[in-house]
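> Okay, here's what each chain looks like letter by letter:
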Amino acid sequence: MDEPLAVEVVLALPDRQLLRRVTLPAGATVADAIAASGLAHDCPGLVDPDRAGIFSRRVTPQQAVRTGDRIELYRPLALDPKEARRRRAGG
Amino acid sequence: MNSLADRIDALLPQTQCEQCGYHGCRPYAEAIAAGEAAINQCPPGGSAGIARLAALLGRPALPLDPARGVEKPRMLARIVEADCIGCTKCIQACPVDAIVGAAKLMHTVIADDCTGCELCVPACPVDCIVLEPMPAAQAGDPLHADAARRHFQRREARLARERAERDAELAARKAAVDTPATPSNPVLAALARARAKQQGKTP
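Those protein sequence lines, which keep their order, are chains A and B. Position in the first sequence (from 1) plus 47 gives the number in my numbering. Position in the second sequence (from 1) plus 12 gives the number in my numbering.
These are computed hints drawn from the structure, not numbers from a lab. Just to be clear, a hint being listed does not mean it is correct.
What the hints assert, rightly or not - Label pairs and their computed distance ranges (CB to CB):
#1 A:113 <-> B:179: 50 to 58 Å
#2 B:142 <-> A:85: 28 to 36 Å
#3 B:144 <-> A:51: 33 to 41 Å
#4 A:105 <-> B:189: 27 to 35 Å
#5 B:59 <-> A:123: 40 to 48 Å
#6 B:75 <-> A:109: 53 to 61 Å
#7 B:133 <-> A:63: 21 to 29 Å
Said to hold, decoys possible - EDC-like cross-link-like pairs, simulated, lysine to aspartate or glutamate; straight-line CA separation at most 20 Å:
#8 A:129 <-> B:93
#9 B:84 <-> B:190
#10 B:101 <-> A:127
#11 B:116 <-> A:130
Built from N, CA and C at the ideal position, the CB exists for glycine as well.
Here chain A stands alone, though its shape is the one from the complex (with noise of 0.2 Å):
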């Protein structure tokens, strides 16, 4: 159970995904793979270990990883799904 864990972490801008592949050592957490992929030093401020997940389902950062896994850091919505439907019935 020492193996190495081998994990993606992504960050998906509109323009530009970035991807980093980090070997972690056994029982990293997603805080951990966050950390090690250097995205929140290359992307200041569009990195919260808070709203992230693992192929779209949320995790907590104290989360541990399994190998294989996608860490996805996600952003806010542009806009409020309720407004939304709003503005989409009264069009």
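Fit chain B to the known structure of chain A by using the hints.
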């Protein structure tokens, strides 16, 4: 160890669009290898793809089956961020995990991983996915096809694992409910003893 299905799969575009009628390129390759599918069912592969399959299999090339779709330039999906409501439908539809996002958060296409299968387009309830031409370098790149194959296999394996985990959990819960009286349940064990005694008395 290159099976016939492997060699056929290597010639397919790995779009995973299912226009052939199969659940992705690999199942279509297996159906061709088994003699169950024709070689002209892949619109993204087009006439060039059919010619390659014909050469491999020593069969005459056929025109693309029009019932499967039309040959056209490869496309890439892009999400119009102003309209995305974060519903995750496109993510569930994407056969190669090329969309990053979660419920009520922005969804974004990883352009390098998108195969242009278009399965996300009808899945989107607010029509916020547009198609743009795929760069020629990406459309003809065998490395891009290899990555798409890996991403498809990774997704299939993950979904199978999740199904197995769900089934195991359900089975465990069902077993816990259905468990008959055992010594570990003192009340039921006492009842069983009493019943056995009663039956012993009656002649």
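> Now, for every hint given, state plainly whether the structure supports it.
For each hint, the structure was consulted:
1. Checked against the hint of 50 to 58 Å, the pair residue 113 of chain A and residue 179 of chain B fails, with Cβ atoms roughly 20 Å apart.
2. Taking 28 to 36 Å as the suggested C-beta distance range, the pair residue 142 of chain B and residue 85 of chain A conforms, at roughly 32 Å.
3. Roughly 38 Å separates the CB atoms of residue 144 of chain B and residue 51 of chain A, a value that falls within the hinted 33 to 41 Å.
4. The hint said 27 to 35 Å for the Cβ distance between residue 105 of chain A and residue 189 of chain B, and at roughly 30 Å that hint holds.
5. Between residue 59 of chain B and residue 123 of chain A the C-beta distance comes to about 45 Å, which sits within the given range of 40 to 48 Å.
6. At roughly 58 Å, the beta-carbon separation of residue 75 of chain B and residue 109 of chain A lies within the given 53 to 61 Å, and the hint holds.
7. The hint said 21 to 29 Å for the Cβ distance between residue 133 of chain B and residue 63 of chain A, and at roughly 22 Å that hint holds.
8. Only pairs whose Cα atoms come within 20 Å are accepted, and residue 129 of chain A paired with residue 93 of chain B is accepted, the gap being roughly 15 Å.
9. Between residue 84 of chain B and residue 190 of chain B the alpha-carbon distance is near 57 Å, which puts this suggested pair outside the 20 Å criterion.
10. Restraint check for residue 101 of chain B and residue 127 of chain A: satisfied, since their Cα atoms lie roughly 17 Å apart, inside the 20 Å limit.
11. Proximity of residue 116 of chain B to residue 130 of chain A is assessed by CA-CA distance (about 13 Å); at most 20 Å being required, the pair is judged to hold.
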